[in-house]
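A.B. asks: Residue 97, in our numbering, is where the sequence shown stops; the numbers in between run on with no holes.
Derived by calculation from the structure, the hints in this document are not laboratory data.
Accuracy of the hints is not assured; some may be wrong.
Label pairs and their calculated CB-CB ranges [claimed, not checked]: (1) G13 <-> D57: 30 to 36 Å; (2) D61 <-> A41: 31 to 37 Å; (3) G24 <-> G53: 22 to 28 Å; (4) K60 <-> A25: 35 to 41 Å; (5) D61 <-> R18: 16 to 22 Å; (6) L26 <-> L54: 33 to 39 Å; (7) S2 <-> T35: 33 to 39 Å; (8) I55 <-> P11: 17 to 23 Å; (9) P11 <-> V63: 35 to 41 Å; (10) D61 <-> P34: 16 to 22 Å; (11) A46 <-> T23: 15 to 21 Å; (12) L26 <-> I49: 17 to 23 Å; (13) M27 <-> L58: 14 to 20 Å.
Bear in mind that the values here come from a model prediction, so they are computed numbers and not experimental data.
Idealized CB from N, CA, C, for every residue including glycine.
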Amino acid sequence: MSGYFELVDAPDGGYRIRLLDGTGALMAVSVTFPTKRAAVAGIAQAREIAGTGLIRDLCKDAVKRPAQKRHMKPARQAHKPVVATGRGPRLPALAER
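All chains, full assembly: derive it from the sequences and hints.
C.D. replies: The structure is reproduced here in structure tokens:
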């Protein structure tokens, strides 16, 4: 079910965005944007956040989980010379560059 955005006049001037689901039920209303161009940019930002944003449960009945340890990036290793294997073109070793 695909939803849609509506640009509407804000009661205090400016513009607001309404997000509706496929049946037309209101899902969210934005802050007031000063211009229509800013409201359209707000839609682009909302699309980006909706597609990539995480969910943060701040409700009082939220399940509390311990913070996960972050994985460290492995240390960079020096490049090893490339050895010809007889398959495809031979790549030069770093010392030959």
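A.B. asks: Indicate, hint by hint, whether the structure satisfies it.
C.D. replies: Each hint tested on the structure:
| no. | hint | in the structure |
| --- | --- | --- |
| 1 | G13 <-> D57: 30 to 36 Å | holds (35 Å) |
| 2 | D61 <-> A41: 31 to 37 Å | holds (35 Å) |
| 3 | G24 <-> G53: 22 to 28 Å | holds (24 Å) |
| 4 | K60 <-> A25: 35 to 41 Å | violated (26 Å) |
| 5 | D61 <-> R18: 16 to 22 Å | violated (29 Å) |
| 6 | L26 <-> L54: 33 to 39 Å | violated (24 Å) |
| 7 | S2 <-> T35: 33 to 39 Å | violated (27 Å) |
| 8 | I55 <-> P11: 17 to 23 Å | violated (30 Å) |
| 9 | P11 <-> V63: 35 to 41 Å | holds (39 Å) |
| 10 | D61 <-> P34: 16 to 22 Å | violated (38 Å) |
| 11 | A46 <-> T23: 15 to 21 Å | holds (19 Å) |
| 12 | L26 <-> I49: 17 to 23 Å | holds (18 Å) |
| 13 | M27 <-> L58: 14 to 20 Å | holds (18 Å) |
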